[in-house]
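J.: If you read the sequences in order, they're chains S and F.
Going by numbering that gives the first Met the number 0, the residue at position 18 of the first sequence is 17; the numbering climbs one at a time, nothing skipped.
Going by numbering that gives the first Met the number 0, the residue at position 52 of the second sequence is 51; the numbering climbs one at a time, nothing skipped.
It should be emphasised that the hints constitute simulated quantities derived from the structure, not laboratory data.
Check each hint, because a few of them may be wrong.
The list makes no distinction among identical chains, and a pair is therefore deemed to hold if it is satisfied within one copy or across any two copies.
[To be verified] Each computed SDA-like pair below joins lysine to any residue, with the alpha-carbon atoms no more than 25 Å apart:
no. : residue 1 : residue 2
1   : K92       : V138
2   : K92       : G151
3   : K43       : G151
4   : K148      : A113
5   : K43       : G76
6   : K43       : M0
7   : K43       : G73
8   : K92       : P49
9   : K148      : D58
10  : K92       : R146
11  : K148      : A124
Number of protein chains: 2
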Amino acid sequence: MFPFTIRSATEADWPAVWAMFRSAAAAGDVLAYDEHTPEEVARKLWFDPPAVCYVAEEDVRVVGTYYVRPNQPGRGGHVANGGYIVAPEVRGKGLAKALCERSLEVARRLGFAAMQFNFVVATNAAAVRAWEACGFAVVGRLPGAFRHKELGAVDALVMFREL
Amino acid sequence: MFPFTIRSATEADWPAVWAMFRSAAAAGDVLAYDEHTPEEVARKLWFDPPAVCYVAEEDVRVVGTYYVRPNQPGRGGHVANGGYIVAPEVRGKGLAKALCERSLEVARRLGFAAMQFNFVVATNAAAVRAWEACGFAVVGRLPGAFRHKELGAVDALVMFREL
Chain S
0 MFPFTIRSAT EADWPAVWAM FRSAAAAGDV LAYDEHTPEE VARKLWFDPP AVCYVAEEDV
60 RVVGTYYVRP NQPGRGGHVA NGGYIVAPEV RGKGLAKALC ERSLEVARRL GFAAMQFNFV
120 VATNAAAVRA WEACGFAVVG RLPGAFRHKE LGAVDALVMF REL
Chain F
0 MFPFTIRSAT EADWPAVWAM FRSAAAAGDV LAYDEHTPEE VARKLWFDPP AVCYVAEEDV
60 RVVGTYYVRP NQPGRGGHVA NGGYIVAPEV RGKGLAKALC ERSLEVARRL GFAAMQFNFV
120 VATNAAAVRA WEACGFAVVG RLPGAFRHKE LGAVDALVMF REL
């Protein structure tokens, strides 16, 4: 049984989301944002309008989060961007894929025509697999664009799907 | 003879840069930013740190501009992003290519390892040609990601080169 509840974030969720963001940033293997990211930068990306933020709970603990927002302004604003974090202790239970599927529904509901990820770390095989399972295709590859904490410079991928 | 002088922008140049930005945004054929872009958004992108801004003058009139800035935060901050505007009345004189070449020098001097354009409108053949002449390769294609004012949805390209 899928043990998670996915719901809209409220103001009270920000500390938990920020803690997840900080951990993912410090890990240095999935996010361009690093351990020096100011809280207001993370919040502006992930939590404040035009972003919409959702959280996944197991029992009453926040163990996952995603946001949906426009990827470009104006004439590119019909394409959404999304970001996802799954807590290390609940990985391998299908939560990333579930969050991504929900985010596609949210993006559709908000009127977006497509969704784009700008910077998927190529060595993050679990993420690439999850996004491909959700219908995303790799449409670009950025050579050495991510400085992985352990592996050094690795490629980042651009992934895209229509809605 | 190349009739342009390219130099660092000063605070006094912002009104001219903003006027060029507004015209390019209103044209609806090259920039994701549209005619509703607030001045502070344009300035933050193009003019304020960490962006560095340059202008091209013909006589004493500003007829071109570019910026260089990090394309991603933190672990992606070694790749630069650049943006360019050439006034319609001076097109066809090689200014776009000259601005791009200068921006590559600036990016190198600032310590960047590569440069990336996230959103080159595929129908903007003069730009694609100029960037390719400056060593950029198309590394990604975003289907229908730009709503062209006259042509409707057209592709946008991701272009990249090492420095």
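J.: All hints are to be evaluated individually against the structure, with a verdict given for each.
T.: Status of the hints after comparison with the structure:
Proximity of K92 to V138 under the C-alpha cut-off of 25 Å is found in neither arrangement, the shortest distances being 27 Å within a copy and 33 Å between copies. When the C-alpha separation of K92 and G151 is checked against a cutoff of 25 Å, the pair qualifies neither within a copy, at 29 Å, nor between copies, at 42 Å. Proximity of K43 and G151 under a CA criterion of 25 Å is satisfied in neither setting, with 28 Å inside one chain copy and 30 Å between copies. When the C-alpha separation of K148 and A113 is checked against a cutoff of 25 Å, the pair qualifies only between copies, where the shortest distance is 19 Å, while the shortest distance within a copy is 31 Å.
In this assembly of identical chains, the alpha carbons of K43 and G76 lie at most 25 Å apart whether taken from the same copy (17 Å) or from different copies (18 Å). Taking identical chains as interchangeable, the C-alpha atoms of K43 and M0 are never at most 25 Å apart, the minima being 34 Å within one chain and 47 Å between chains. When the C-alpha separation of K43 and G73 is checked against a cutoff of 25 Å, the pair qualifies both within a copy, at 18 Å, and between copies, at 16 Å. With identical chains, the CA atoms of K92 and P49 are never at most 25 Å apart, being 30 Å at best within one copy and 40 Å at best between copies.
In this homomeric assembly, K148 and D58 never come within 25 Å of each other (Cα to Cα): the closest approach is 32 Å inside a single copy and 49 Å across copies. When the C-alpha separation of K92 and R146 is checked against a cutoff of 25 Å, the pair qualifies neither within a copy, at 28 Å, nor between copies, at 39 Å. For the homomeric pair K148 and A124, the shortest alpha-carbon distance inside one copy (16 Å) is at most 25 Å, but the shortest distance between copies (39 Å) is not.
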